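**Q** Listed below, chain by chain, are the residues.
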Amino acid sequence: MAEAKEKDPLFSPKNRKLLSEPLVLNNPITVQVLGICSALAITVKLEPSVVMAISVIAIMGIANLIISIIRKLIPPRIRIIVMLTVISSLVVLTDQILEAFLYDVSKQLSVFVGLIITNCIIMGRLEAFASNNKPWPSFLDGIGNAFGYAWILVVVGFFRELLGSGEIYGYPLMEKLGMYQIGYVDNGLMILPPAALFIVGIIIWVHRGKNEELVDIS
Amino acid sequence: MKALRNYVDKIKPHFEKGGRFEKLHSTFDAFETFLFVPNKVTRRGSHIRDAIDMKRTMSVVVLAMIPALLFGVWNVGYQHYNALGEIPHFWDIVAYGLMKVLPIIVVSYVTGLAIEFAFAQVRGHEVNEGFLVSGMLIPLVLPPDIPLWMVAAATAFAVILGKEVFGGTGMNILNPALTARAFLFFAYPAHFSGDQVWIAGKADTYSGATPLANAASGEMEAIPDFWDMFFGFIPGSIGETSTLAIMLGAAVLLATGVGSARIMFTALLGGYLMGLLFNLWGANEYMMIPAHQHLVMGGFAFGVVYMATDPVTATQTNKGKIIYGFLIGLLAMLIRVFNPAYPEGIMLAILFMNVMAPLIDYYVVRANVKYRLKRAQAQTT
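Protein chains in written order, with this note's numbering: chain A, 1 to 218; chain B, 1001 to 1381.
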């Protein structure tokens, strides 16, 4: 068996790359442009963004792990269904946990927790990576991609909440600073979904400006 | 003049390659060409000799906006005193108008040009003249009482996200001035719609609704007389009220060939025909507003003359311009009458058609290719 011979240390450079690459150079949102719908829908405030980010990290890590473990048992022709079943079970589980412990946030996220099932990042990583790699690298890949997704979500949520509602994580910062008294007004555009596109667009712009190899000259 | 030229020549070496202020080259260049006609000539390749360059084109557009601006200044003052129920001396009216309008213009220009210069510096190209027009258009489409920081925010948004991300003047998809207005419209609706914002320093008891707002809320008897709206004695954005002043500007644009006559006239036609269609339909009171009255209400004339004709964001082909203009007029009326949330449709109509313009051009070109191919085949067989 060729596979048994490879004994990489847990955090070999190759494995570390699996974790770090999706954060910047191969970010699921800004470079692969996946999972945009949820980035638009739930980033009005920081709290739901953070909860969503954590949920996706958990689901993606575990889903990648499970699929990778059973990858040799899955008949190729029905692999998508199997993956969906795994993801759905995890999503339903997450949804129940949120409803039990974070009811308000779960209300805000409403249908979007359920829609994690359709998040293209998860399906994409399962199909592209977990279904033909060993469990540990798959797990790292899942976590890495989910973190890449998560930090964008949190950044977008931060700016949309700050500019759109004048709050940070529910704390009325602008009001405490007395900004409203000097004529500051919250930006209503930031509450509308297109604002997330603007912010993601700006992130992409800065991102490509910093990393020349991402610039697509064609 | 001579002294200035000498001075410019004296400091010029510092800004050339290897000079002390090499990095500020584009800033220097902008001021030099602003002061003097540049002595650079094209040395190779074919080129067209013409007295008019981009700077002069932009100057013509700014010139064409002067009537609307002057009337706007007066009208801001007039509406203010009219709301208070007293009509003072002419110069008091103008003074009040200037006090309101000048700061907006200054803020718009300073913010926009600062960003424009900064980008030119970083990217190492010449400062483009496009903002000379946008900087004047932005104040003209704003309500007179708008807080100045909002003007700055909108200008920054329009210049950065509307223009610079696409590569600067000439590369933008959307009209920057309308981008600024749309930004404010969606971001600060309380300062940008309703009947409280269109008259500066309005008395509380006076209704400050624009004719369009009257129409949208069904108060048909409150709509001013056609001629009042034509001459512009109505509340509204600073530059948009007087159709007459805008027609003067249109005359300048048409006479110099800077604005496209195809777009202007087809947009008018589109608006008028849609108005007639509504009259025939007549399902509610709003649809019964005479078609010619639609053309002088709100910002329709202003948008058609100064914004739809923006050569960068409009269609490039002649047939495309006709389709583009017609659809702008038609959509503007459609949005006005059918969507009470957006009393003025021309802004969204133009932005929408800006996005569609490349598509129209594409199909016009394709159709032409097909047509000529057919003709060529017919000849050979």
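A portion of the hints provided could be inaccurate.
Between beta-carbon pairs, the in silico distance windows are [claimed, not checked]: (1) B:1087 x A:183: 24 to 34 Å; (2) A:33 x B:1090: 52 to 62 Å; (3) A:183 x B:1207: 44 to 54 Å; (4) A:9 x B:1020: 27 to 37 Å; (5) A:215 x B:1094: 50 to 60 Å.
Short derived list, chain B residues pointing at chain A, Cβ under 8 Å [unchecked claim]: (6) 1165; (7) 1167; (8) 1171; (9) 1377.
Honestly, the hints are just simulated from the structure, not real lab data.
As the structure is a computational prediction, the values presented were derived from the model and not from experiment.
Note that the Cβ used here is the ideal one computed from N, Cα and C, for glycine as well.
**Q** Could you run down the list of hints and mark each one as holding or not?
**A** How the hints compare with the structure:
Here the CB-CB span from residue 1087 of chain B to residue 183 of chain A is close to 30 Å, well matched to the stated 24 to 34 Å. For residue 33 of chain A and residue 1090 of chain B, the Cβ-Cβ distance of about 59 Å falls inside the hinted range of 52 to 62 Å, so the restraint holds. Range check, residue 183 of chain A to residue 1207 of chain B: Cβ separation about 25 Å, and the 44 to 54 Å hint is violated. A hinted range of 27 to 37 Å is violated for the C-beta pair residue 9 of chain A and residue 1020 of chain B, which are about 55 Å apart.
A C-beta distance of roughly 52 Å is found between residue 215 of chain A and residue 1094 of chain B, which places it inside the suggested range of 50 to 60 Å. Look at residue 1165 of chain B: its Cβ gets to within about 6 Å of chain A, closer than 8 Å, so that hint holds up. Interface hint status for residue 1167 of chain B: violated, as the beta-carbon distance to the closest one in chain A is roughly 12 Å, over 8 Å. For residue 1171 of chain B, the interface hint is violated, the least distance from its beta-carbon to any beta-carbon of chain A being 14 Å, above 8 Å.
Restraint check, residue 1377 of chain B versus chain A: the minimum CB separation of about 33 Å is more than 8 Å; hint violated.
Hints 3, 4, 7, 8 and 9 from the list above are not met by this structure, while the remaining hints are.
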